[in-house]
Structure formats: C-alpha cells, structure tokens
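Q: Build out the structure end to end from the sequences listed, making use of the hints.
Each residue of the sequence shown is one higher than the last, beginning at 0 in numbering that gives the first Met the number 0.
Since the hints were made in silico from the structure, they are not lab data. Warning: the hint list may mix true and false statements.
[What the hints assert, rightly or not] Computed cross-link-like contacts, DSS-like style, restricted to lysine-lysine with a CA-CA straight-line distance of at most 25 Å: (1) K64 / K42; (2) K64 / K88; (3) K42 / K1.
[To be verified] Each pair of labels, with its calculated beta carbon distance range: (4) D98 / A199: 41 to 51 Å; (5) A215 / E34: 21 to 31 Å; (6) A68 / A200: 37 to 47 Å; (7) Q213 / H103: 36 to 46 Å; (8) T195 / G97: 36 to 46 Å.
Backbone N, C-alpha and C define an ideal beta-carbon position, used for all residues, glycine too.
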Amino acid sequence: MKLVTLPVGDLLTNCYLLAAQSGRAAVIDPGDDPERIADRLDKEGMTPAMILLTHGHFDHIGAVKELAARYAIPVYGSEADLVLFTDLKRNRALYIHGDPQRYHVVPDHLVQDGDTIPLEELSLQVIATPGHTPGGVCYRCGELLFTGDTLFAGSIGRCDMFGGDYPALLRSLDRLDRLEGEYTVFPGHGGETTLTYEKAANPFFGEMRRLRQQGAL
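A: Below, the structure written as structure tokens:
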C-alpha cells in the first residue's frame, strides 16, 4: 500500500492517492488542480481506479469530472449528499470564480453506511458521519481513516452551511469515539493526526461525551 497527500485548490483541500501493491489507486477528494493530480499519479506510478468523495462541497469535487473522464473511472459518493453534488448553490460553487459546471457531479455509485469498496488487496469501509453535510462519510482502510471535513486535528467541520447539523456532527463523533483500535486520521484540510489523540485532546470529543452522559445526544 502507498499513500500520497496532495493539497489542492485555494482552500488546500487534501486530495489523497491511495494505491494497492499493483499501483491501482483510489483518488480521494480531488477538489481542484486535475493536472497536478494527474502528474502526481504518473510520477508515483499509480493507475487511478476510482474516485471516492467524502462529501459534496465544491472544494472536494472540483477535479472529479476531468479525472473521471480522463481515466474512465467510476465516482463514489454518499446518496445523502446527492443534492450537494448536483446543486451549484448549495455546494457553494456559484460563489467562486471559474466554471461552476465542473462542480456539478453525479456519482456512479451512491454509498451508504457499512458499504465496502474493494481495491485489490485493500478494502475501504464507508462510515456515515453526517453533520458537516447531510451525507458526509469517512472511509476506513485498515488503520487509516479518511475523515473529510468531519474531523480535523483539534477541531471539526463547520455546520453553518446548507445541511449542516451540529448535533448530528456530535453524534458522528460518538460513532468515531466507539471505534476500537489505533487509527491515523487523514482529514480534508490540515495535517494528519491520530484518532487516539483526538479522543483525548479534541474539545469537541469532550463536549460530545458530556452530552452523551446527560443523555442529550
């Protein structure tokens, strides 16, 4: 297995290139800069096999159309975020410069909680984590956890845009809190962290547990 992190676009969205031993790779959240992503795939000797999306905001989907067409590969995204993938106002694309139509994305496969996506010897499990968006998901691959904008190092995603739901996001943290084992967290923005550290130090986990103890989640 090989993993490359490539921040793309003005918001420095982390695009992840996750490759099996054969070099076939999943491209996770290609938010912008399709040529840079393609060049890096070539440099790393990776052959893209699929695109996986954690949610439908513009900064996570801007290179999807070009890469999917270029490599003839399928796109996976949450069924609950379909409105964001296809609505240029709700996914914020109309508020930025450039061609907004590249932010209109229709996934080939709509994923739900518990789905497993095979990639050669690897498998990625879908964990539904709504809150930042209605259909936000994490992808778990062995000890790797790709969290999109659900969980960052020391923080969580904002909930003040279309479909944002703070109580739902805290319930999603509760789901992550109950995961057993050691995981390296690869978020949608910023540096990597570990789930163990975030459980201990992230203040939003503390708030979630307080509400859980009160029966308020």
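Q: Given the hint that K42 pairs with K1, does the C-alpha gap stay at or below 25 Å?
A: holds (13 Å)
Q: Need the status of pair K64, K42: alpha-carbon distance at most 25 Å?
A: Distance ~21 Å between K64 and K42 Cα, so the pair holds.
Q: Can the suggested window of 41 to 51 Å be confirmed for the beta-carbon pair D98 and A199?
A: holds (44 Å)
Q: Could you say whether the range 37 to 47 Å given as a hint is met by the Cβ separation of A68 and A200?
A: holds (42 Å)
Q: Quick one, are K64 and K88 close enough, alpha carbons at most 25 Å?
A: OK: K64 and K88 at ~18 Å, within 25 Å.
Q: Assuming the hint says 36 to 46 Å, is it satisfied by the Cβ distance from T195 to G97 or not?
A: Holds, at about 40 Å.
Q: Using the C-beta atoms of Q213 and H103, is the stated range 36 to 46 Å upheld?
A: holds (42 Å)
Q: Given a hinted range of 21 to 31 Å, is it respected by the beta-carbon distance of A215 and E34?
A: violated (48 Å)
The structure is inconsistent with hint 5 alone, although it conforms to all the rest.
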